[in-house]
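Go ahead and model the full structure; you've got the sequences and the hints to work with.
First residue of the sequence shown? That's 2 in the numbering used here, and the numbers climb one at a time after it.
Everything labelled a hint here was simulated from the structure, so no lab data went into it.
It should be emphasised that the depicted structure is a prediction, and the values quoted were computed from it without experimental measurement.
For every residue, glycine included, the Cβ atom is placed at its ideal position computed from N, Cα and C.
Certain hints may be false.
Below 25 Å or equal to it, Euclidean Cα-Cα: the simulated SDA-like pairs (lysine to any residue) are [to be verified]:
1) Lys-86 - Gly-98
2) Lys-71 - Leu-25
3) Lys-71 - Gly-32
4) Lys-33 - Met-53
5) Lys-86 - Tyr-15
6) Lys-33 - Ile-67
7) Lys-95 - Tyr-15
8) Lys-71 - Ala-7
Derived CB-CB ranges, DEER-like [as the list claims (entries may be wrong)]:
9) Cys-44 - Ser-92: 20 to 26 Å
10) Arg-90 - Arg-68: 35 to 41 Å
11) Arg-99 - Leu-31: 36 to 42 Å
12) Arg-99 - Arg-30: 36 to 42 Å
13) Gly-70 - Leu-96: 41 to 47 Å
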Amino acid sequence: LREADAIEVFNSRYILGGANRRALRWARRLGKPMVAGSDAHHCRYVGYGRTMIDAERNVESVLEAIRMGKTRPIGRRTPVRTYTKQSLRNSWRKLKGRITK
Numbered sequence: 002l003r004e005a006d007a008i009e010v011f012n013s014r015y016i017l018g019g020a021n022r023r024a025l026r027w028a029r030r031l032g033k034p035m036v037a038g039s040d041a042h043h044c045r046y047v048g049y050g051r052t053m054i055d056a057e058r059n060v061e062s063v064l065e066a067i068r069m070g071k072t073r074p075i076g077r078r079t080p081v082r083t084y085t086k087q088s089l090r091n092s093w094r095k096l097k098g099r100i101t102k
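In structure tokens, the structure reads:
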């Protein structure tokens, strides 16, 4: 973690929030910039986790703002029903693949 440029402290797929809270503590402890992500498994959920960045609209400015910690992670969690449905579907696919082999 010490070598990371920033730490993701909000991931919308972590529906219980424990991992997000641990990441937030580590980011604060290490003095790292904080970012957020959607980890969307469907286009409808893109943007559930976002990082607000205080920068000009060009790559160099955005990267520098992240390095300087001029970020604000925001968002909302993926709905539990959606997360559960996707997890069950993925588990079923894996199980089905093992049975047919």
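Verification of the supplied hints:
For the proposed pair Lys-86 and Gly-98, the alpha carbon gap of about 18 Å is at most 25 Å, so the pair holds. At most 25 Å may separate the alpha-carbon atoms for a hinted pair to count; Lys-71 and Leu-25 meet this at roughly 15 Å. Between Lys-71 and Gly-32 the alpha-carbon distance is near 12 Å, which keeps this suggested pair within the 25 Å criterion. Note on Lys-33 and Met-53: the hinted pairing holds, with a Cα-Cα distance of about 16 Å set against a maximum of 25 Å.
Taking the CA atoms of Lys-86 and Tyr-15, the gap is about 15 Å. The hint holds against a cut of 25 Å. Restraint check for Lys-33 and Ile-67: the C-alpha separation of about 10 Å stays at or below 25 Å, so the hint holds. Taking the CA atoms of Lys-95 and Tyr-15, the gap is near 21 Å; set against the 25 Å cutoff, the hint holds. A hinted pair counts as satisfied when its Cα atoms are at most 25 Å apart, and Lys-71 with Ala-7 qualifies at roughly 11 Å.
In this structure the hint that Cys-44 and Ser-92 lie 20 to 26 Å apart at CB holds, the actual value being about 22 Å. Separated by about 39 Å at the C-beta atoms, Arg-90 and Arg-68 satisfy the suggested range of 35 to 41 Å. Range check, Arg-99 to Leu-31: Cβ separation about 40 Å, and the 36 to 42 Å hint holds. Between Arg-99 and Arg-30 the beta carbons are some 41 Å apart, a value that agrees with the proposed interval 36 to 42 Å.
Separation of Gly-70 from Leu-96 is about 44 Å and conforms to the stated range, judged on CB atoms against 41 to 47 Å.
In the structure shown, no violation is registered for any of the earlier numbered hints.
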